[in-house]
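Undergrad: Build out the structure end to end from the sequences listed, making use of the hints.
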Amino acid sequence: MTKCEQCHKAPATVFYKSVVNNQVSEKQLCASCAEGLGAFSLMDFLLGPRRRPRETRSARCSTCGYAWADFQKTQLLGCPDCYKSFGRQIEALAPKLHGYDRHQGRPYAAPPSPRERLAKQRSELHEALQREDFELAARLRDEIRRLEAELSA
Amino acid sequence: MKLAHLLRSRMEWLGRPGSTILSSRLRLARNLRDRRFPNHADEDALREVLSDAFRACRAQPALGNAAYVRLDDVTDVDRELLMERHLISHAQARSGASRAVVVGPGERQSVMVNEEDHLRLQSLSPGLSVQAAWREVKKLDEGLGKALPFAYDERWGYLTACPTNIGTALRASCLAHLPALMITGRVQAALERLGASGMVVRGLYGEGTKVLGDLFQVSNATSLGPSETELLKAVEQAVSELIDAEEHERGLLAGDNRKRLEDSAWRALGLLTHARLLSFEEAIAHLSRLRLGASLGLLRLPLDAIDRLFFETRPAHLQIAAGKALTPAERDERRAELVREALIKTV
Numbered sequence: 012m013t014k015c016e017q018c019h020k021a022p023a024t025v026f027y028k029s030v031v032n033n034q035v036s037e038k039q040l041c042a043s044c045a046e047g048l049g050a051f052s053l054m055d056f057l058l059g060p061r062r063r064p065r066e067t068r069s070a071r072c073s074t075c076g077y078a079w080a081d082f083q084k085t086q087l088l089g090c091p092d093c094y095k096s097f098g099r100q101i102e103a104l105a106p107k108l109h110g111y112d113r114h115q116g117r118p119y120a121a122p123p124s125p126r127e128r129l130a131k132q133r134s135e136l137h138e139a140l141q142r143e144d145f146e147l148a149a150r151l152r153d154e155i156r157r158l159e160a161e162l163s164a
Numbered sequence: 038m039k040l041a042h043l044l045r046s047r048m049e050w051l052g053r054p055g056s057t058i059l060s061s062r063l064r065l066a067r068n069l070r071d072r073r074f075p076n077h078a079d080e081d082a083l084r085e086v087l088s089d090a091f092r093a094c095r096a097q098p099a100l101g102n103a104a105y106v107r108l109d110d111v112t113d114v115d116r117e118l119l120m121e122r123h124l125i126s127h128a129q130a131r132s133g134a135s136r137a138v139v140v141g142p143g144e145r146q147s148v149m150v151n152e153e154d155h156l157r158l159q160s161l162s163p164g165l166s167v168q169a170a171w172r173e174v175k176k177l178d179e180g181l182g183k184a185l186p187f188a189y190d191e192r193w194g195y196l197t198a199c200p201t202n203i204g205t206a207l208r209a210s211c212l213a214h215l216p217a218l219m220i221t222g223r224v225q226a227a228l229e230r231l232g233a234s235g236m237v238v239r240g241l242y243g244e245g246t247k248v249l250g251d252l253f254q255v256s257n258a259t260s261l262g263p264s265e266t267e268l269l270k271a272v273e274q275a276v277s278e279l280i281d282a283e284e285h286e287r288g289l290l291a292g293d294n295r296k297r298l299e300d301s302a303w304r305a306l307g308l309l310t311h312a313r314l315l316s317f318e319e320a321i322a323h324l325s326r327l328r329l330g331a332s333l334g335l336l337r338l339p340l341d342a343i344d345r346l347f348f349e350t351r352p353a354h355l356q357i358a359a360g361k362a363l364t365p366a367e368r369d370e371r372r373a374e375l376v377r378e379a380l381i382k383t384v
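Quick note, the sequences are listed as chains A and B, same order. Everything in the first sequence is counted per the working numbering, starting at 12 for the first residue and increasing by one. Everything in the second sequence is counted per the working numbering, starting at 38 for the first residue and increasing by one.
One thing to keep in mind: the hints can contain errors.
In silico lysine to aspartate or glutamate, EDC-like type, Cα no more than 16 Å apart, as pairs [claimed, not checked]: (1) B/Lys183 <-> B/Glu318; (2) B/Lys183 <-> A/Glu127; (3) A/Lys95 <-> B/Asp89; (4) B/Lys247 <-> B/Glu318; (5) A/Lys131 <-> A/Glu154; (6) A/Lys14 <-> A/Glu37; (7) B/Lys176 <-> B/Glu265; (8) A/Lys95 <-> B/Glu191; (9) A/Lys131 <-> A/Asp92; (10) A/Lys95 <-> B/Asp190; (11) A/Lys38 <-> A/Glu16; (12) A/Lys131 <-> A/Glu102.
Just the calculated beta-carbon pair ranges, DEER-fashion [claimed, not checked]: (13) B/Lys183 <-> A/Gln115: 21 to 27 Å; (14) A/Arg133 <-> B/Lys183: 37 to 43 Å; (15) A/Leu104 <-> B/Gly232: 19 to 25 Å; (16) A/Pro122 <-> B/Glu80: 24 to 30 Å; (17) B/Ala342 <-> A/Pro122: 29 to 35 Å; (18) B/Arg172 <-> A/Gln115: 17 to 23 Å; (19) B/Arg172 <-> A/Ser36: 34 to 40 Å.
Some chain A residues judged to face chain B by a derived CB distance under 8 Å, without partners named [as the list claims (entries may be wrong)]: (20) Pro91; (21) Ala105; (22) His109; (23) Gln115.
No wet-lab data here; the hints were simulated from the structure. For every residue, glycine included, the Cβ atom is placed at its ideal position computed from N, Cα and C.
TA: Laid out in structure tokens, this is it:
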């Protein structure tokens with residue numbers, strides 16, 4: 012009998028095949044290693060779907076308080092941070108929905124917030140002073156004053 | 038009825054008269070970084086998103102002299118008109134404060150605010166032109182993305198309220214007219230091939246298995262994983278094969294069944310130019326036969342007039358043109374009148 016590819020100890024009783032990111036992978040695993048992968052549960056197979064462990068059911072987003080249970084009802088999440096709070100669940104869900112497990116399209120960088128701009132200008136001012144570029148320093152000082160006024164408004 | 042001026046606008050995205058693909062649409066879903074998604078946000082939060090979105094839109098040259106439409110400021114019929122023009126969705130049309138749509142010139146570009154996601158950027162263009170629509174919407178996306186901090190993750194791409202839309206958050210759709218495939222019954226096989234190429238298809242009008250006017254909407258099913266360019270190529274490829282299939286069937290019909298096709302086109306014209314009452318279902322069924330006949334040269338008609346009629350015969354369009362609400366019976370009468378006028382001068 013073939014041994015499990017993962018632990019090399021127990022006999023392989025589960026033949027697991029998956030297609031993710033256009034790659035097909037096949038593994039021969041024992042029941043407990045297959046469960047560890049999150050893809051197969053001998054208990055589910057034998058008993059049918061049953062109540063999820065309390066831990067998953069009461070999982071909540073740390074930013075907006077949305078519950079995973081809410082998502083299961085509405086198929087919608089509460090806020091962008093839910094993708095972090097429910098990272099494990101999303102990791103399991105994404106390949107099922109899209110057949111891929113990561114974004115490989117155009118990247119994006121958000122514009123800096125006023126606070127971030129301020130921090131950047133301050134460090135540039137510091138460098139300008141070190142280089143004794145006082146003209147640039149003066150312009151940066153004016154820009155910083157403007158940003159500070161904007162932020163306190 | 039505040040959107041009457043919209044009726045006069047030319048629907049610039051409706052074109053390639055007679056071709057199998059009437060129009061293409063590119064949609065990008067975008068959300069703001071530190072805000073709850075619309076379904077979980079309160080009124081104040083939605084209002085803030087709306088004001089940020091409007092501010093950012095006003096700074097976009099791509100939107101030009103756009104119309105800023107707050108959906109709770111307009112009537113039910115106005116909202117239906119926007120739906121009929123594919124400018125807002127069903128979900129968007131239901132009443133709710135702080136929901137809006139920004140409509141650019143000629144309806145080529147538009148931005149939905151606070152629908153399922155904070156922003157849905159949309160670009161419409163005539164015929165099979167997903168690349169052109171993509172170039173346009175990309176400009177709008179880049180402009181808005183510099184003015185607003187989008188929710189984006191290196192692993193999951195653009196973050197959306199529904200995980201089915203993450204990644205590129207891109208949906209490319211084409212509006213296809215498939216009368217020949219419907220007549221020969223080979224449409225089912227064509228739709229299955231589309232499904233196998235990663236597309237989803239639904240009838241544009243009608244519910245369930247009934248497809249009105251032989252009109253279908255084809256779009257990519259997933260958005261995470263492939264790049265934007267790869268997704269677009271896949272849609273173009275699948276739609277090109279669909280066009281080939283339809284044109285093949287049209288060729289067969291024009292060969293073996295020419296007289297029968299000609300007859301059905303002329304009967305459609307006869308009915309449409311003389312009926313006094315027309316339901317939407319009946320009108321669109323005959324318009325479809327008319328369009329098929331005209332595109333095969335079996336009768337001479339201005340194809341762009343036919344394409345416009347697919348939209349002008351819709352209920353909200355009729356009511357806005359009439360300047361008042363109409364009962365279903367009144368609509369049937371108006372519709373017949375509209376169609377007669379549009380076609381009779383061309384016969």
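Undergrad: Take the hints in turn and mark each one as holding or not.
TA: Structure-based check of each hint:
Of the supplied pair hints, the one linking lysine 183 of chain B and glutamate 318 of chain B is violated, its CA atoms being roughly 45 Å apart against a limit of 16 Å. The hinted pair formed by lysine 183 of chain B and glutamate 127 of chain A meets the criterion: a straight-line CA distance of about 14 Å does not exceed 16 Å. Distance check on the hinted pair: lysine 95 of chain A and aspartate 89 of chain B sit about 25 Å apart at the alpha-carbon level, beyond 16 Å; violated. Of the supplied pair hints, the one linking lysine 247 of chain B and glutamate 318 of chain B holds, its CA atoms being roughly 11 Å apart against a limit of 16 Å.
Among the hinted pairs, lysine 131 of chain A with glutamate 154 of chain A is consistent with the structure: their alpha-carbon atoms are about 11 Å apart, no more than 16 Å. Our distance criterion of 16 Å between C-alpha atoms is met by lysine 14 of chain A and glutamate 37 of chain A, whose separation comes to about 14 Å. A hinted pair counts as satisfied when its Cα atoms are at most 16 Å apart, and lysine 176 of chain B with glutamate 265 of chain B qualifies at roughly 14 Å. Under the criterion of a C-alpha separation no larger than 16 Å, the hint pairing lysine 95 of chain A with glutamate 191 of chain B is consistent with the structure, at around 12 Å.
For a cut-off of 16 Å, the pair hint linking lysine 131 of chain A to aspartate 92 of chain A is broken: about 25 Å separates their Cα positions. In summary, the hint linking lysine 95 of chain A to aspartate 190 of chain B is supported, as the alpha carbons are separated by about 9 Å, within the 16 Å threshold. Restraint check for lysine 38 of chain A and glutamate 16 of chain A: the C-alpha separation of about 7 Å stays at or below 16 Å, so the hint holds. As the CA atoms of lysine 131 of chain A and glutamate 102 of chain A are separated by approximately 35 Å, the hinted pair breaks the 16 Å bound.
At roughly 23 Å, the beta-carbon separation of lysine 183 of chain B and glutamine 115 of chain A lies within the given 21 to 27 Å, and the hint holds. A beta carbon spacing of about 22 Å between arginine 133 of chain A and lysine 183 of chain B contradicts the range 37 to 43 Å that was offered as a hint. The beta-carbon spacing between leucine 104 of chain A and glycine 232 of chain B, approximately 21 Å, falls within the hinted interval of 19 to 25 Å. Range check, proline 122 of chain A to glutamate 80 of chain B: Cβ separation about 27 Å, and the 24 to 30 Å hint holds.
Here the CB-CB span from alanine 342 of chain B to proline 122 of chain A is close to 46 Å, at odds with the stated 29 to 35 Å. Look at arginine 172 of chain B against glutamine 115 of chain A: about 21 Å separates their beta carbons, and that is inside 17 to 23 Å. Taking the beta carbon of each, arginine 172 of chain B and serine 36 of chain A are about 37 Å apart, inside 34 to 40 Å as hinted. Because the smallest distance between the Cβ of proline 91 of chain A and any Cβ of chain B comes to about 4 Å, under 8 Å, the interface hint for this residue holds.
With a cut of 8 Å, the hint placing alanine 105 of chain A at the interface with chain B holds, because the nearest CB-to-CB distance is about 6 Å. Of the supplied interface hints, the one on histidine 109 of chain A holds, with its beta-carbon coming within about 4 Å of a beta-carbon of chain B, less than 8 Å. At its closest, the beta carbon of glutamine 115 of chain A sits 6 Å from a beta carbon of chain B; the interface hint therefore holds under the 8 Å criterion.
Checked against the numbered hints above, the structure violates hints 1, 3, 9, 12, 14 and 17; every other hint is satisfied.
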